[in-house]
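Colleague: Once you've looked at the hints, dock chain B against the given chain A.
This is what each chain is made of:
Number of protein chains: 2
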Amino acid sequence: MNDTINLLKSHRSIRKYKSDPIPQEYVDEILTSAQMASSSSHVQAYSVIGVMDQEKKKKLSILSGNQTYVADCPLFFVWCADLYRLKAACDMEQTEMISGTMENFIVSTVDVALAAQNAAIAAESLGLGIVYIGGIRNQSKEVTELLQLPELVYPVFGMCLGFPDQDPMVRPRLQTNMIYHQENYNTSKTTNELMDYNQIINEYYLDRTKGKVDTNWSKQMSNKFQTASRNHLRKYLEDQGFGFSE
Amino acid sequence: MNDTINLLKSHRSIRKYKSDPIPQEYVDEILTSAQMASSSSHVQAYSVIGVMDQEKKKKLSILSGNQTYVADCPLFFVWCADLYRLKAACDMEQTEMISGTMENFIVSTVDVALAAQNAAIAAESLGLGIVYIGGIRNQSKEVTELLQLPELVYPVFGMCLGFPDQDPMVRPRLQTNMIYHQENYNTSKTTNELMDYNQIINEYYLDRTKGKVDTNWSKQMSNKFQTASRNHLRKYLEDQGFGFSE
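Residue numbers (full-length UniProt numbering), protein chains in the order written: chain A, 1 to 246; chain B, 1 to 246.
Please note that a few of the clues may not be correct.
No copy labels: a pair is met if it fits in one copy or bridges any two.
Below 30 Å or equal to it, Euclidean Cα-Cα: the simulated BS3-like pairs (lysine-lysine) are [said to hold, decoys possible]:
(1) Lys189 <-> Lys219
(2) Lys219 <-> Lys9
(3) Lys16 <-> Lys210
(4) Lys18 <-> Lys57
(5) Lys57 <-> Lys189
(6) Lys224 <-> Lys141
(7) Lys189 <-> Lys58
(8) Lys235 <-> Lys224
(9) Lys189 <-> Lys56
(10) Lys210 <-> Lys18
(11) Lys224 <-> Lys58
(12) Lys59 <-> Lys189
(13) Lys189 <-> Lys141
(14) Lys189 <-> Lys235
(15) Lys141 <-> Lys235
(16) Lys219 <-> Lys57
(17) Lys210 <-> Lys59
(18) Lys235 <-> Lys57
(19) Lys18 <-> Lys59
(20) Lys58 <-> Lys16
Hints in this document: simulated from the structure, not taken from any laboratory.
Next up, chain A with everything else stripped away, as it sits in the complex:
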């Protein structure tokens, strides 16, 4: 349809990078692009910590569940929801900030995701590869200490960036009519179409792993959602000043 849509449609996560550093002007363009994403009432409730220091990347890699590409990528971004700056603005105006609401938690979490996705697209448009790292939530407190995050800031996800040194397949998504509903949510869609999707995903894994991985989507998902993960989050977030009382 156009080059931008072709770019969006060709996304694959990249987990192996060339050693080449990322030019500073690329980083600048990526950050400026990130900032132009929409933000709820212009609150801009996010920050990015850019990590290039090898020792620190190594620590973050271990804290994220030993994902080696966190250490190996030339630049690692830690995307944080950030209400700290807004508190500073309230302090300037000598008003008391009410920060600990579900609404403010959602606003800051969405804000950082929109900005990060713009960054991802800008990076890919420059020939870089990226992968999001949810594992940054494995040990939130340790990451917070390592990056000296103040109150009202929490790391939502990481992102590795670098020039790709692999060319993986695009992973097939759910059928579009599974995620898109016209006028009303249609609960009757799920079962039959999930079975079709299971077959698509099964073939994708068999193909990608030359027959070694023989699974499908519902198997993967049911495995994943049988156990609660990252159980520290509620307490950690409250310790950081986020709140969920209303």
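Modeller: Below, chain B without anything else, positioned relative to chain A:
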């Protein structure tokens, strides 16, 4: 730098649309682009409700705080975090889903934001304008009933789409070094640079409103964060099956 980055950097929210409908092939491209965004462990924990029905758009417009552009745009998307489909996958595998954790809430909220931002960019690349509607969280329960959302689904934000019938200015963002920290979060950045930013934003408002609006960022933010908003959210989300106990 390239066309995609130029597109990202030229974003402005559009709130006035031509009456022309959006061609179906555009909608298809927007949805396919949305689906290619990254998703945590491939969970794809989101759904979109596309609303074209005039009566329903009118109701959503009222429920979102009387934002007339919700009724006036040719297509309104309601972006939902969605764990319902994952429960269906667990049911298929006869396993019990653990849904009510902070982690699952974050995953689904981030997933829908990444997909929506891809949709926004795809739409803008096709010459459409968009605006996010956080007001969809004003009356979550009523929106949920109107769109027949099942358990484990919540509307995170709306999005108006249409061909632009206005050409607003780009709103200046925070200085990039305010949102970007190298290696560690730098709390010392805030005060002086916020004062500079206040001046930039003050000039932008004076310019955009021909002198009528004379405010700045810290004033706006301190006004906004003095009161808690959308206090129903915690209870509503728990009623929908989301949880925050850990």
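Colleague: Run every hint past the structure and note whether it holds.
Modeller: Status of the hints after comparison with the structure:
For a Cα distance limit of 30 Å, the shortest separation of Lys189 from Lys219 inside one copy, 19 Å, qualifies, whereas the shortest one across copies, 48 Å, does not. Proximity of Lys219 to Lys9 under the C-alpha cut-off of 30 Å is restricted to the intra-copy arrangement: shortest distance 26 Å within a copy versus 41 Å between copies. Taking the closest pair of Cα atoms, Lys16 and Lys210 come within 30 Å of each other only inside a single copy of the chain (20 Å); across copies the shortest separation is 52 Å, beyond that limit. In this assembly of identical chains, Lys18 and Lys57 lie within 30 Å of each other by CA distance solely inside one copy; the values are 16 Å within and 49 Å between copies.
For a Cα distance limit of 30 Å, the shortest separation of Lys57 from Lys189 across copies, 23 Å, qualifies, whereas the shortest one inside one copy, 43 Å, does not. Taking identical chains as interchangeable, the C-alpha atoms of Lys224 and Lys141 lie at most 30 Å apart whether they share a chain (23 Å) or sit on different chains (29 Å). In this assembly of identical chains, the alpha carbons of Lys189 and Lys58 lie at most 30 Å apart only when taken from different copies (27 Å versus 44 Å within one copy). In the homo-oligomer, the alpha carbons of Lys235 and Lys224 lie at most 30 Å apart both inside one protomer (22 Å) and across protomers (26 Å), since each shortest distance falls under that limit.
Proximity of Lys189 to Lys56 under the C-alpha cut-off of 30 Å is restricted to the inter-copy arrangement: shortest distance 22 Å between copies versus 46 Å within a copy. For a Cα distance limit of 30 Å, the shortest separation of Lys210 from Lys18 inside one copy, 25 Å, qualifies, whereas the shortest one across copies, 51 Å, does not. Taking the shortest alpha-carbon separations for Lys224 and Lys58, only the intra-copy value of 26 Å comes in at or below 30 Å, while the best inter-copy value is 40 Å. Proximity of Lys59 and Lys189 under a CA criterion of 30 Å is satisfied inter-copy only: 25 Å between copies versus 44 Å inside one chain copy.
Proximity of Lys189 to Lys141 under the C-alpha cut-off of 30 Å is restricted to the inter-copy arrangement: shortest distance 23 Å between copies versus 41 Å within a copy. Proximity of Lys189 to Lys235 under the C-alpha cut-off of 30 Å is restricted to the inter-copy arrangement: shortest distance 28 Å between copies versus 37 Å within a copy. In this assembly of identical chains, Lys141 and Lys235 lie within 30 Å of each other by CA distance both inside one copy and across copies; the values are 10 Å within and 27 Å between. When the C-alpha separation of Lys219 and Lys57 is checked against a cutoff of 30 Å, the pair qualifies neither within a copy, at 33 Å, nor between copies, at 38 Å.
In this assembly of identical chains, the alpha carbons of Lys210 and Lys59 never lie at most 30 Å apart, being 33 Å within a copy and 52 Å across copies at closest. Proximity of Lys235 to Lys57 under the C-alpha cut-off of 30 Å is restricted to the intra-copy arrangement: shortest distance 26 Å within a copy versus 39 Å between copies. Taking identical chains as interchangeable, the C-alpha atoms of Lys18 and Lys59 lie at most 30 Å apart only when both belong to the same chain, with a minimum of 21 Å there against 52 Å between chains. When the C-alpha separation of Lys58 and Lys16 is checked against a cutoff of 30 Å, the pair qualifies only within one copy, where the shortest distance is 15 Å, while the shortest distance between copies is 49 Å.
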